[in-house]
Amino acid sequence: MVKIKSEDLYLASVFKQKFGDLLVQTGQITVEQLEEALVEQSKTKERLGSILVKMGFISEQRLIETLEFQLGIPHVILSKYKIDPDILALVPEHIAKKYHVFPVEKNGKRLVLAMLDPTNVYALDELRLTLNYEIQPVIVTEDDMNQAFSQYFGISGSVQEVFKDLDVQIEEEKEEDQGVGDLEAMVEDAPIVRLVNLLITQAVKEKASDIHLEPTERELVIRYRVDGKLKKIMTSPKNTQAAIISRIKIISGMNIAEKRLPQDGRIQMRVEGVPIDLRVSCIPIVFGEKVVMRILFKNNVLAKMESLGFLPDTLERFRSVYKQPHGIILVTGPTGSGKSTTLSSVLNELNSPEENIMTVEDPVEYQIHGINQVQVNNKAGLTFAMALRSFLRQDPDIIMVGEIRDGETAQIATQAALTGHLVLSTLHTNDAPSSITRLIDMKIEPFLAASTVIGILAQRLVRGVCPDCKQAYNLAEDHIYYDIVRKNLPDTPPEKLVFYKGEGCRRCSGKGYSKRLAIHEVLLVNQELRVLISQNVPAGEIKELAVKNGMRTLFQDGLLKALEGKTTLEEIVRAAYVNE
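In our numbering, the protein residues as written are 1 to 580.
Hints may contain errors.
25 Å max Cα-Cα, derived DSS-like pairs, lysine-lysine [to be verified]: (1) 566 x 487; (2) 106 x 207; (3) 207 x 231; (4) 205 x 229; (5) 229 x 259; (6) 231 x 80; (7) 231 x 97; (8) 511 x 205; (9) 80 x 566; (10) 205 x 259; (11) 82 x 238; (12) 80 x 106; (13) 207 x 54; (14) 98 x 80; (15) 80 x 43; (16) 97 x 259; (17) 231 x 82; (18) 80 x 501; (19) 298 x 98; (20) 298 x 515; (21) 109 x 43; (22) 304 x 238; (23) 205 x 43; (24) 304 x 205; (25) 379 x 259; (26) 82 x 515; (27) 511 x 229; (28) 229 x 98; (29) 45 x 298; (30) 54 x 515; (31) 501 x 487; (32) 231 x 205; (33) 232 x 207; (34) 501 x 229; (35) 54 x 232; (36) 80 x 205.
Simulated restraints on C-beta separations [claimed, not checked]: (37) 489 x 315: 17 to 25 Å; (38) 445 x 324: 30 to 38 Å; (39) 72 x 526: 13 to 21 Å.
Just so you know, these hints were derived from the structure itself, not from any lab. From the three backbone atoms N, C-alpha and C, an ideal C-beta is built for every residue, glycine too.
Using the sequences provided together with the hints, build the complete structure.
Next comes the structure, spelled out in structure tokens:
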């Protein structure tokens, strides 16, 4: 480890004030990008570096390298360390989370701490006094820090403390014996409130998209969906089930007395200062009520199109579509595939004082300055179709509809495109060509679909290979997927077919995968395709002609990203291969 002198820390405090300027001077970012990030920082109070990364102006790795070079503070990868429990015990969990630090090792009276911001001399002074050690800071990425917190602190310790309190307050009795009045009193008890808050807070920290609470015969199982996969987090005793579920129903605006019918609700709250929106669904199953909470971050920093994972030529094709003055553009893919993120980034790029942009969404996930955004309210009768119909009297230039769910919305969107508006929306289909047949299934005449749809982007998210444990290998001729790869990448020489596989490490919990990335497919509707569409031909024929005209399929896009070492061949086959 590199030893750091006190005068270096003084220089670090001076350096911190000019960190943004340094990034500009070294050509890492532009002045305009720094100013944009500073405006965002004034709203969110996040670290400048974190905002720059989220906005796609600089990679986290480049940010770390700049800090490391300028300050001489080394960068560590926590997942490569086996942290001694005695070392971990030196820094209490609440202190680690307060200052965003994590203990790495101890050398005499010197404690090595991984920090997100090693230039924070005030935090260093507080830690020195609190822990009674000389502090040697090292740099760590935010993802690495979160992974360490999840692995070494996690949720179990806090939950056990709550359960100790619950044991005193909740007696062993069958759920059906509890009246509504008993439940209302129980769910306001501090331990239940703390437990539900803890489940939500931990899910946000682990960047989960959904929280599942599933009653079984003997216990309540809690699972998080992280990187597209469900993982079991904990189980709760059966005698806590009614109180936990009822607490969630109350704060989401549901009727706790109604246990026979499905209900929907919504929770708005802040987790460590970050506003989030939870869409809650409750449905009765055999052993009680199952609850699923979808987590939506309300202050998501809008990413630039270049940072969404497009291959350069694919982005160029897509840009050629949304730069057109009128027509329908569809973004399609399964739930949770990033469609809203892509559309919001497109709108942010198109945003201009010269354009009147109006959106109707459910919910509004990204609030964009200068764009008129409407939130769907089905209870009040404000549907996608009603809002879209009203938009046409608001002199719009660009309209975004969160989702085309029915024939009425599809009809109005088509009419808007015919009258000179650019309309963007989403559909749930497996690929781009299928979106055409889906519109026609919604009673849109084939000739109208042919004359209004100008382009379709299909996308889905796949798991990325873990960067810490990935190993390269040449695809052998006897490999099960060799013929499939050669067929889809005919211009790639066999010796260039080098793919990667994660061996499994502490960072990825032995899975070989880490984070997710998008794969894309852009269909440009030209005159040849319009003729086919107007004839109401099957999606397969549309796809065949689109590929002939230069469309790269989802599978082919994924293969190219696998060759770049971003994901694995097996993951792309699982997510995107269609045997035709």
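Hints, verified against the model:
no.	hint	result
1	566 x 487	holds, 21 Å
2	106 x 207	violated, 31 Å
3	207 x 231	holds, 13 Å
4	205 x 229	holds, 16 Å
5	229 x 259	violated, 29 Å
6	231 x 80	holds, 23 Å
7	231 x 97	holds, 23 Å
8	511 x 205	holds, 20 Å
9	80 x 566	holds, 20 Å
10	205 x 259	violated, 31 Å
11	82 x 238	violated, 36 Å
12	80 x 106	holds, 16 Å
13	207 x 54	holds, 14 Å
14	98 x 80	holds, 24 Å
15	80 x 43	violated, 35 Å
16	97 x 259	violated, 39 Å
17	231 x 82	holds, 23 Å
18	80 x 501	holds, 18 Å
19	298 x 98	holds, 23 Å
20	298 x 515	holds, 21 Å
21	109 x 43	violated, 40 Å
22	304 x 238	violated, 47 Å
23	205 x 43	holds, 20 Å
24	304 x 205	holds, 24 Å
25	379 x 259	holds, 21 Å
26	82 x 515	holds, 22 Å
27	511 x 229	holds, 11 Å
28	229 x 98	violated, 29 Å
29	45 x 298	holds, 15 Å
30	54 x 515	holds, 14 Å
31	501 x 487	holds, 21 Å
32	231 x 205	holds, 15 Å
33	232 x 207	holds, 15 Å
34	501 x 229	holds, 18 Å
35	54 x 232	violated, 28 Å
36	80 x 205	holds, 21 Å
37	489 x 315: 17 to 25 Å	holds, 20 Å
38	445 x 324: 30 to 38 Å	violated, 22 Å
39	72 x 526: 13 to 21 Å	violated, 57 Å
Taken one by one, the earlier hints fail for this structure at numbers 2, 5, 10, 11, 15, 16, 21, 22, 28, 35, 38 and 39, listed in ascending order.
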